[in-house]
Amino acid sequence: MRRFWAEKIVPCRDSLLAITTGLVFIGLWELLPALGVIDPFYVSSPARIVKAGQWLFAHGLWHDIWVSLGEFTLGMLLAIVLGVGVGFLVGWYRTLNVMFEPFITLLNATPRIALLPLIILWMGIGMQSKVAAVFLGAFFPIAITVMKGVHNVDETLLRCSHSFGATDHQVILTLVAPSSVPFLVAGLHIAVGRGLVGMVIGEMMAAQAGVGFMMSRSASLFQTDKVFVGLILLAGFGYFLTEVLKLFEKRIEGWRPL
Amino acid sequence: MRRTGERVPALCDLNFSVETGKFVCVVGTSGCGKTTLLNVIAGLQRPTDGEVLLDGVPIRGSGRDRAMVFQSAALLPWRTVLRNATYGLEIQHYSVRDASRMVRPWIDLVGLNGFEQSYPRELSGGMQQRVNLARALATHPKLLLMDEPFASLDGQMREYMQGEIERIWRQTRQTTLFVTHLIDEAVFLADEIIVMTARPGRTKSVMTVDLPRPRTVEVKKTPAFHVLEDQLRDLVAQEFREMMLFTGNGAPA
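Protein sequences appear in the order of chains A and B. If you read the first sequence in this note's numbering, its first letter stands for residue 75, the second for the next number, and so on. If you read the second sequence in this note's numbering, its first letter stands for residue 1082, the second for the next number, and so on.
These are calculated hints, taken from the structure and not from any lab test. Built from N, CA and C at the ideal position, the CB exists for glycine as well. Keep in mind that a hint or two might mislead.
If you want the ones that stay clear, here's a sample from chain B, every Cβ over 10 Å from chain A, calculated [unchecked claim]:
1. ALA1123
2. LEU1125
3. LEU1135
4. GLU1171
5. ARG1185
6. PRO1186
7. LEU1234
8. GLY1236
9. ASP1272
10. LEU1292
11. PRO1293
12. VAL1308
13. LEU1326
To be clear about the criterion: a stretch of chain A counts as covered by chain B if any three or more of its residues have a C-beta under 8 Å from a C-beta of chain B, and this derived list gives those stretches [stated by the list, open to error]:
14. 96-104
15. 223-235
16. 248-256
With the rest of the complex left out, here is chain A (with noise of 0.2 Å):
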């Protein structure tokens, strides 16, 4: 009894518990706009939002959208393979990791928000620039993580490794990079959120379109439903890899070394 208590009734208690938070600050968020306790024009509403979504949808949301998931995915890519690559090679080698890892740790503390106006100045406002937001946001976390994963490796099993004879290529293949796998995870989980960042910013500083560019342009004609659309359009694409994330780490738990 106390195992069907603890297995069935508690989970789906909790469940129940957020799902319930989520609906009170929904309908309170309907209701206190509605009894003028707040005033929409700041906070809009929910029934507000879906109808801006709509009117946004029939009107060319899925350009701004296509848009912008062009360049998440464009920059992303680019710094899953550069990331990875110089990770691994400012890892591997010694003489590489003592030029560039000074390097690397500097850039990676420099807020390269900062950056933009450069980047827009050198690559113009179409969707360039915005990749190049992308993947610098992207790159450093996941080439600092890649390259403590190949630091992390496991000197037992190195030696164990040697010990039978492998040559750098089966140690690479066999150990490095099933070990660093993990740290990647992690690299990605970071990568993705700064990445987002890159994206946003890009486009709302100059842009031609994406859901970013939509945000501000509707802010500055004081439409907020409209900005409230592509935030949630956003905190959603955000979420939805998050869990992708999650999913894949839960696979490669037991990777970790003992």
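Using the hints provided, position chain B relative to the given structure of chain A.
For chain B alone, coordinates are given in the frame of chain A:
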């Protein structure tokens, strides 16, 4: 090893040989360079002087003719028991398929039947060491090196695994060099015991153990076992006192 910029050798004047098909134990106090010795023989560390001959040929670096069983199980946590056992063979360029076929009898021999698909974290320390052993045995080394493989096991499990090693050795006659600091472990397992001096490690003496095999826990209760154990204990205790005097770690007993 460096002390105030001066190199202190871990080993010197260390001479012994291991005969094919023998189980040889190396016993010494902690810090006498036992691990350095194994590293040199395994080819993981280059000696500053001297050489190690295997079948009359000096060894250069690590090679497939030697395999090491590590003190910590050193298993790859992302691989199953089976794939951990095949790891040595895979490094030696066997395909996963061939390697899986080749480790089968070794998995049976070390008693891992039914655990092939488990992950190391699901196994006890003793079971992990069995995988460690199967991985090394499967590569058919000319010389098997074991570096205090039971150091992290509790007393009962250690005693049990000693029996297992004795059984496995009897069935394989695998030439083995086994490093330990435990007196009874060495006497129980070995055909021959090499006693090392305190740092720098030298051969102090070589003892022959002629207790009959198969050996079981019962052997440990016989007078012959105790005579050998006492002899060895005296030899090691001498070295221990010497080490204490040298390092100033308190008065000698």
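Hint-by-hint comparison with the structure:
Consistency note on B/ALA1123: stated as away from chain A, yet its beta-carbon is not over 10 Å from all of that chain's, at 5 Å minimum. Under the 10 Å C-beta cut-off, the non-interface status given to B/LEU1125 relative to chain A is violated; the minimum distance is some 6 Å. For B/LEU1135, the non-interface assignment is confirmed: its Cβ lies about 14 Å from the closest Cβ of chain A, beyond the 10 Å cut-off. Look at B/GLU1171: its CB is around 7 Å from the nearest CB on chain A, not clear of 10 Å, so calling it non-interface is violated.
Once the 10 Å rule is applied to beta carbons, B/ARG1185 is consistent with being away from chain A; the minimum gap is 19 Å. Every beta carbon of chain A lies more than 10 Å from that of B/PRO1186, the smallest distance being close to 19 Å; the non-interface claim holds. Listed as a non-interface residue, B/LEU1234 keeps its Cβ farther than 10 Å from every Cβ of chain A; the least gap is roughly 15 Å. A cut-off of 10 Å between C-beta atoms confirms that B/GLY1236 is not in contact with chain A; the least separation is 22 Å.
In this structure B/ASP1272 is separated from chain A by more than 10 Å, as the shortest Cβ-Cβ distance comes to about 24 Å. Taking the minimum C-beta to C-beta distance to chain A, about 31 Å, the non-interface status of B/LEU1292 holds against the 10 Å cut. Here B/PRO1293 stays apart from chain A, with its beta-carbon at least about 33 Å from theirs, past the 10 Å limit. Chain A leaves B/VAL1308 outside its interface by the beta-carbon criterion, the shortest separation being 37 Å against a cut-off of 10 Å.
Listed as outside the interface, B/LEU1326 is consistent with that label: its C-beta sits roughly 33 Å from the nearest C-beta of chain A, beyond the 10 Å cut-off. Note: the stretch 96-104 of chain A has 0 residues with beta-carbon separation from chain B under 8 Å; the three-residue rule is not met and the coverage is violated. For the stretch 223-235 of chain A, the assignment as covered by chain B holds, since 6 residues bring a beta-carbon within under 8 Å of that chain's beta-carbons and 3 suffice. For the stretch 248-256 of chain A, the stated coverage by chain B holds: 4 residues have a C-beta nearer than 8 Å to a C-beta of that chain, and at least 3 were required.
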